[in-house]
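Visitor: Just so you know, the sequences run in chain order H and G.
Under the numbering used here, the first residue of the first sequence is numbered 7, with each subsequent residue one higher.
Under the numbering used here, the first residue of the second sequence is numbered 383, with each subsequent residue one higher.
I should point out that these hints are in silico values taken from the structure, not numbers from a laboratory.
Possibly wrong hints are sitting among the right ones.
As the list claims (entries may be wrong) - Going by beta-carbon spacing under 7 Å, a handful of chain G positions derived as facing chain H: (1) Leu-441; (2) Val-442; (3) Gly-443; (4) Gly-462; (5) Trp-463; (6) Gly-470; (7) Asp-474; (8) Thr-477.
Backbone N, C-alpha and C define an ideal beta-carbon position, used for all residues, glycine too.
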Amino acid sequence: MIDCDIHPQIVDPEPLLAHVVEAQREWFRTQPYFGLPGYSWTHPSSWYRQDLAADGRPPGGNVEAVQRELLDPSGTLAGVLNADDAVLVSLMPSPYRAAALARAHNDWIREDWLERDERLRGAIICPAQDPEEAAKEIRRVGEDPRFVQVLLCGGAERPYGEPRYLPIFEAAVELGLPVAIHSGGEGMGIAAPPGGAGPVTFYIEWHTLGSACSTMAHLVSLLVHGTFERLPGLKVLLIEGGIAWLPGILWRLDTNWRALRSDTPWLERKPSEVAREHVRFSTQPLEHTDGRDDLLWEMLEAAGAPDVLCFASDYPHWDFDDPAFMLKRLPEAWRERVLHDNAAELYGERLKLPAAA
Amino acid sequence: MTWHDVGSVADLEREGRVIARVEGRDVGVVLAGGELRGVRNRCPHHGGPLCLGTVEERLVGEPGAYALSGASVLRCPWHGWEFDPATGECLDDRTLRVAVYPAKTDDGRVLVDL
Chain H
7 MIDCDIHPQI
17 VDPEPLLAHV
27 VEAQREWFRT
37 QPYFGLPGYS
47 WTHPSSWYRQ
57 DLAADGRPPG
67 GNVEAVQREL
77 LDPSGTLAGV
87 LNADDAVLVS
97 LMPSPYRAAA
107 LARAHNDWIR
117 EDWLERDERL
127 RGAIICPAQD
137 PEEAAKEIRR
147 VGEDPRFVQV
157 LLCGGAERPY
167 GEPRYLPIFE
177 AAVELGLPVA
187 IHSGGEGMGI
197 AAPPGGAGPV
207 TFYIEWHTLG
217 SACSTMAHLV
227 SLLVHGTFER
237 LPGLKVLLIE
247 GGIAWLPGIL
257 WRLDTNWRAL
267 RSDTPWLERK
277 PSEVAREHVR
287 FSTQPLEHTD
297 GRDDLLWEML
307 EAAGAPDVLC
317 FASDYPHWDF
327 DDPAFMLKRL
337 PEAWRERVLH
347 DNAAELYGER
357 LKLPAAA
Chain G
383 MTWHDVGSVA
393 DLEREGRVIA
403 RVEGRDVGVV
413 LAGGELRGVR
423 NRCPHHGGPL
433 CLGTVEERLV
443 GEPGAYALSG
453 ASVLRCPWHG
463 WEFDPATGEC
473 LDDRTLRVAV
483 YPAKTDDGRV
493 LVDL
């Protein structure tokens, strides 16, 4: 099993701050939560699995916890550490602070996490509001083959197909890294509001719409801007934005592509075909279907599943998908591909799985 | 195959198209790139009156750049799907094709062969 979405928590700020350049360290130390944008919509009880919370602090705060609570019981061969709130550096008003914190977090992941369990892999965070600087950070960190993807957050100033973001995608392709876009941050800091109809009211709205709508927006944007035509080696992994909507949005996009092609005449192929080749989706949080899983699988098959789905647990969050539960829920014919093969292909050589795998 | 009179050259030149009922079918002749093209006036996508659409030069280009292709397309007035007026092929869904017919002018009249 390969897990595309594990969130290491910053329980003690000092080990992370130790990687911040000295001239900025005090600023980050004195800001609420490192100066990252705060949540306007918060979970009514806990962001985390409450069976794991220790001493009122977030679970998943060290390698031992991840081993004990996720990797060992699930038999995970490789798991990707995606920055939790720290990915929101892209939404900080100051690109300079964002660059410093991204750099520190990447170094913290490398030294405090990757060094301590060979099953763990890293995701590179970067200041997306300053794409040239982001590209530099991707090239700096990407030299270490244990980093297997670039990580952007769903919240953004504009959808990621906008040409301003090209340096990020170019750097990723140059290093053979997929770009993962993880929902979150919508409406926070300098990000556009979630949902597309103005700021929402409740966390339930934010969690339902923000993540799905930003994921759809980035997917459609990357496709219509011809990002994959510009960068044929680019692979994108969309994480935690839901997937039941996927066939619908691709059908809708294909329909509009035929009707409105003069708007984007560089699109020679149906967007859904391009998506199938270049875009992968994490399974979590797989929608509950009120007993109609058969319908869900049929719909997803129309959108390219099982070849486009990659397992993700989202440990240690409250809405995580338990690996053992997912193993039973997925159609048997899909399991090997979704739980292992698709991610192995996406990450390629950098995964360097043990030969026994 | 028989040549059928579907309108006047004057109407074709003024409107860009002429349409008539021929053997139970609506058939149009459009001017595309200086050529006469006989096309069935029924879009295979949704049944719209295809010949009432516009003849335009198809756009192409690299991502972010717009260029003229030099090739004319007939764009359906209902949903904008584009067809090659010479072959009838839908350029955005190769599984669809509209019937096309030879067309010519003779003594001020537009004729189509079907």
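Visitor: Take the hints in turn and mark each one as holding or not.
Guide: To see whether the hints hold, each was checked on the structure:
For Leu-441/G, the interface hint holds, since its Cβ comes within 7 Å of a Cβ in chain H; the closest pair sits about 4 Å apart. A least Cβ separation of about 5 Å between Val-442/G and chain H falls short of the 7 Å threshold, and the interface hint therefore holds. Residue-level restraint check for Gly-443/G holds (minimum Cβ-Cβ distance to chain H is 5 Å; threshold 7 Å). The beta carbon of Gly-462/G is positioned within 7 Å of a beta carbon in chain H (closest approach about 4 Å), and the interface hint is therefore held.
Given hint, Trp-463/G at the interface with chain H, holds; its Cβ is 5 Å from that chain's nearest Cβ, closer than 7 Å. At its closest, the beta carbon of Gly-470/G sits 16 Å from a beta carbon of chain H; the interface hint therefore is violated under the 7 Å criterion. Contact between Asp-474/G and chain H, as hinted, is supported at the beta carbon level, the nearest pair being about 4 Å apart and thus within 7 Å. This hint is violated: Thr-477/G has a C-beta 11 Å from the nearest C-beta of chain H, more than the 7 Å allowed.
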